[in-house]
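Place chain B on chain A using the hints.
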Amino acid sequence: MPTPRDARVVTVVPGGPLLVEGPVELRLDDGTVVCSDRFVVAVCACRRSKRYPLCDTSHRKRR
Amino acid sequence: MTTVDPAVDQAVLPTPRGPLSAAVIDALRAAPQADLPSRVSADPYGEDLQLALHVCYELHYQGFAGVSDEWEWDPELLRFRAALERVFLDALRADVPGGADIGDVLDELLVEPVDGVGVSHHLKDEGEWWQMREYLALRSIYHLKEADPHAWVIPRLRGRAKAALVAVEFDEFGGGHGDRMHSTLFANLLVGAGLDDGYLHYLEHAPAAMLATVNLMSLCGLHRSLRGGLVGHFAAAEITTAPSAARIAKALERMDAHPDCVEFFTEHIEADAVHEQVMRRDVIGDLLAREPELTESVVFGVQATELLEQRLGEHLLRAWKEGQTALRLPL
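Chains as they are written, first to last, in the numbering used here: chain A, 1 to 63; chain B, 1001 to 1331.
In isolation and in its complexed conformation, chain A is listed as follows (with noise of 0.2 Å):
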């Protein structure tokens, strides 16, 4: 099926962030508003981020 041109794409990374075509406007449930107009934007999901919610490749495996 073909992508509407107008749809924001998100790819979604295993075990990774959300890569979302920027800009976007992040809201916290805590009211905190996040912003990046980054072309595309990693968005933290395994929520290890020190930068929550930007992704600041904490996700990567440790050995």
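FYI, nobody ran anything at the bench for these hints, they're computed from the structure. Each residue gets a CB set at the ideal place from its N, CA and C atoms; glycine is no exception. Warning: the hint list may mix true and false statements.
Claimed, not checked - Calculated pairs, EDC-like style, for lysine to aspartate or glutamate (alpha carbon to alpha carbon, straight line, at most 16 Å):
| hint | chain 1 | residue 1 | chain 2 | residue 2 |
| --- | --- | --- | --- | --- |
| 1 | B | K1250 | B | E1108 |
| 2 | B | K1250 | B | E1267 |
| 3 | B | K1145 | B | D1009 |
| 4 | A | K61 | B | E1108 |
| 5 | A | K61 | B | D1107 |
| 6 | B | K1321 | B | E1126 |
| 7 | A | K61 | B | E1112 |
| 8 | A | K50 | B | E1267 |
| 9 | A | K61 | B | D1115 |
| 10 | B | K1145 | B | E1169 |
| 11 | B | K1250 | B | D1260 |
| 12 | B | K1124 | B | D1009 |
| 13 | A | K50 | B | E1253 |
| 14 | A | K61 | B | D1104 |
| 15 | B | K1145 | B | D1196 |
| 16 | B | K1162 | B | D1286 |
| 17 | B | K1124 | B | D1256 |
What the hints assert, rightly or not - Covered stretches of chain A (in silico footprint by chain B; criterion: 3 or more residues with CB under 8 Å from a CB of chain B, positions within the stretch not fixed):
| hint | stretch |
| --- | --- |
| 18 | 16 to 29 |
| 19 | 37 to 45 |
| 20 | 49 to 60 |
Relative to the frame of chain A, chain B by itself:
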């Protein structure tokens, strides 16, 4: 921050570090068409060869004060540069493991060691301010031309790989805002750390181990035959930057550094978390779907980047461990 006319802010030719760099620097002081050594035999990672190569490459970026722009395409200089490049490239090819499994090579970079030992770990845990200033001065050799070498690969790509790489570059160049270019953020950082933000101001200070990391980018950027290597280099750099930028930001906060110093690195945590995904999925993924025969070249770019970064890290930590400067001249 002072804004200077770029034409005024041109680097001066550095002091030679041996016969090869002396030959090219002496030649550049004269008009094009000088004679340069016909044979090159030198330590591929040594001061002389790396400075000679760096000077040759700089003619394609901002050039040097008092040096004719015509030198850029001088056949004799290009012949000499090719001889230098052959020595460097042969050594890199011999010193990396190679292979054709790009997935494995990138996965390896994505694993964060629990007990990491690089420069950023040292700076975060026990680094001193003078060491941080040396680190920043050294990195200025690249960051004041951040993302420039990667622009050369654009006409060599097609389709999604091209569009995605350009998007990353657009971000590196501040998304259309001069004051948000990463090279500008780095200039602000230098001033914040009490350092000189002049383009190549610290060239005399920078040892071969630093010059080699920038020479690799110029080498891969200027050769279509190394386009896979350039893409591999770019991906490797973006993948490894976010965690190390987070550690350096932490170190700078601990050292109570100027906010402009911290800003450069926190920007890189968020930017590179995005760039690594785009480089891996869209740029490498699409490039290798179109040109699978470039796989080994991409692997080479990743591994050569890691090799040279590791050599630089070892150089810095060795000097600092002995309480000595890692630079050729003290700051």
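Next on the checklist: For K50 of chain A and E1267 of chain B, compute the direct alpha-carbon distance and say whether it is at most 16 Å.
Outcome noted: holds, 14 Å
Checklist entry - Straight-line Cα separation of K61 of chain A and D1104 of chain B no greater than 16 Å? => result Given pair K61 of chain A, D1104 of chain B holds - Cα atoms ~14 Å apart, limit 16 Å.
Next on the checklist: Checking one constraint from the list: CA of K1124 of chain B to CA of D1256 of chain B, max 16 Å. Satisfied?
Outcome noted: Distance of about 12 Å is within 16 Å: holds.
Checklist entry - For the pair supplied as a hint, K50 of chain A and E1253 of chain B, is the alpha-carbon distance within the 16 Å limit? => result Between K50 of chain A and E1253 of chain B the Cα gap is close to 15 Å, so the pair holds against 16 Å.
Checklist entry - Does K61 of chain A pair with E1112 of chain B here, judged by a C-alpha cut-off of 16 Å? => result Distance ~6 Å between K61 of chain A and E1112 of chain B Cα, so the pair holds.
Checklist entry - Going straight from one Cα to the other, do K1124 of chain B and D1009 of chain B come out at no more than 16 Å? => result violated, 33 Å
Checklist entry - Straight-line Cα separation of K61 of chain A and D1115 of chain B no greater than 16 Å? => result holds, 13 Å
Checklist entry - Do the alpha carbons of K1250 of chain B and E1267 of chain B lie within 16 Å of each other, as the hint requires? => result The given pair, whose Cα atoms are some 13 Å apart, holds under the 16 Å limit.
Item to check | Outcome, coverage hint (the stretch 49 to 60 of chain A, chain B; C-beta under 8 Å; three residues) | outcome: Since 7 is at least three, the answer is holds.
Next on the checklist: Need the status of pair K1250 of chain B, D1260 of chain B: alpha-carbon distance at most 16 Å?
Outcome noted: holds, 13 Å
Item to check | Pair hint outcome, K1250 of chain B versus E1108 of chain B [Cα-Cα no greater than 16 Å] | outcome: Not satisfied, since the Cα-Cα distance of roughly 24 Å exceeds 16 Å.
Item to check | Holds or violated: K1145 of chain B to D1196 of chain B, with C-alpha atoms at most 16 Å apart | outcome: holds, 15 Å
The structure is inconsistent with the numbered hints 1 and 12, although it conforms to all the rest.
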